[in-house]
Amino acid sequence: MAEEFEPKIVAFLCKWCSSAGSDLAGVSRMEYPPNVIPITVMCSGSVSPLYIFSAFNKGADGVLVSGCHPGDCHYIKGNFYARRRIALVKKLLEYVGLEPERFQMSWISAAEGVKYTQVIKDFVQELKPLGPQKKLRRTQ
Amino acid sequence: MVNLEELKKEARQILKEGKVKYIIGFQRSSNGLLPVPAFIKNPEDVEKLVWDPTCVYNLTLFLRDEKRKKAKEKEPDERPVGIVVKGCDSRAINVLLQEEFIKREDVYVLGISCENTGVLDEKKLAKKLKGKKAKKVEFGAKDDFVVTTEDGKIKIAAQEVLAERCLECKAHFPVVYDVLIGEKTKRNVENPFKSLEKIESLPPKERWKFWKEQIDKCIRCYACRSVCPMCYCDECVADTINFVVTPDTPAEEKAQKIKWLEKSPVSSENFVYHFVRAIHLAGRCIDCGECERVCPLDIPVRFLNKKLEKEAKELFDYEAGFDPDKPSLVSSFKDDDPEDFIR
Ligand code: SF4
Ligand code: SF4
Ligand code: SF4
Ligand code: FES
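Line by line, the protein sequences are chains A and B.
For what it's worth, the working numbering labels the leading residue of the first sequence as 1, then goes sequentially.
For what it's worth, the working numbering labels the leading residue of the second sequence as 1001, then goes sequentially.
Extracted from the complex, chain A is given alone in its bound form:
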């Protein structure tokens, strides 16, 4: 039997909440799939759409942007700006025909190690049937 496809997920996690949440999952030894390439950013609001396009371009099968819950952003409003921008990016990617499952956003607090593992588990499950992302991947 062919080896099962293991999707690669690039996750942009804000330092103050989501990244801390993923650390908590780690230090609590919670189990979650090892498919994530985490990139810590200062705030979800600092994630330029270009990072997302670039991740897909460099071969990500899925991209996650995760920040603090509304009202909890370390920079007060960063995640509200992110929410707007990400909504537009999501619409654009879907419009050209990228599978909507491939690009996700979540709110994960520093205390939500469990939620983090769940988001990743779900993401991996949704990506598996889609197979590798070849549409936007650089081929040369």
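Simulated from the structure, these hints should not be mistaken for laboratory data.
Honestly, I wouldn't trust all of these hints.
In silico lysine to any residue, SDA-like type, Cα no more than 25 Å apart, as pairs [stated by the list, open to error]: (1) B:Lys-1132 - B:Val-1050; (2) B:Lys-1209 - A:Pro-100; (3) B:Lys-1209 - A:Gln-133.
Assemble the complex: chain A is given as a structure, and chain B with the ligands must be docked to it using the hints.
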């Protein structure tokens, strides 16, 4: 109906009074149907100004050049530049004001209303004329265009040869101006995003096929970028491609000059370019249609911008170019912005 003489009179006046340093308008070209931009300094030259359905360009593009030129001058002439704008172009002025790229006193706006028609789609006209060459196109009396060919004059209903964007235009008169020529007529546009439906209603696979085919054609000539009045960034991510790293390149420079995409016009890189272009124009594109008109490969780039224009309206009730005092689409938010897509 718009009276060209009125425009000329106004233009002559402000030049005579020295109110403006020059006027950017349209003049006939010695060759071809479309006009060329006119930069008029002398009141006598005002006679050259034209206004007809071939005045498709968005002249606000030249405000970018003007700003760059002025920045280099030691003792710049601080008077405003006079500029002829249509409704869509005037909204570009509003966006430039909103972004503080220009100041209101930098421009003297000669606004012209498109009233019940708009501007021409040259390709539609060519099809309609079946090989005959149009020499001149004028506004007719009844929402029609009068086209002069070697066989004489014919009337064509404007609807048949209007640019796509004009068919969907709900702001067909200038929203910012110092002088308004023509009338603020009423117009009913039922669905300003109608042209998008064809693509939106395709199943995702077909949509991908459609866009891939289109984006793959792109040769990255950047004409769409050069012609856009909103593409005024001094540095564009699309140009961070020739960056050479040597042993003494400072870390700082390397960090700032990431090679985001390759110059080669292949699918993956073209998509990055077009995504960036579309996103950076979200809430800024005023649908002057110039990007699509100049594309040598007929790539429907307008449909990318238009899609985000639609989403901005539907998700955030935001429309570009109507209010220069409002914060921009992506520098603002509402507490109840949609978040049903967030986990
Ligand atoms: S888009 Fe509207 S304002 Fe612009 S040329 Fe067409 S009708 Fe006139
Ligand atoms: S004008 Fe057309 S071919 Fe040139 S870069 Fe733009 S989309 Fe590509
Ligand atoms: S993106 Fe195209 S339609 Fe929009 S403002 Fe720029 S040139 Fe005009
Ligand atoms: S710091 Fe977490 S979203 Fe802003």
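Under the criterion that the straight-line Cα-Cα distance not exceed 25 Å, is the pair Lys-1209 (chain B), Gln-133 (chain A) satisfied? The hint holds at about 15 Å.
Starting from Lys-1132 (chain B), check that the Cα of Val-1050 (chain B) is at most 25 Å away, please. This hinted pair holds, its Cα atoms lying about 23 Å apart.
request  = Below or equal to 25 Å on CA atoms is what counts here, so check Lys-1209 (chain B) against Pro-100 (chain A).
outcome  = Holds, at roughly 16 Å.
When the structure is compared with the earlier hints, no violation turns up for any of them.
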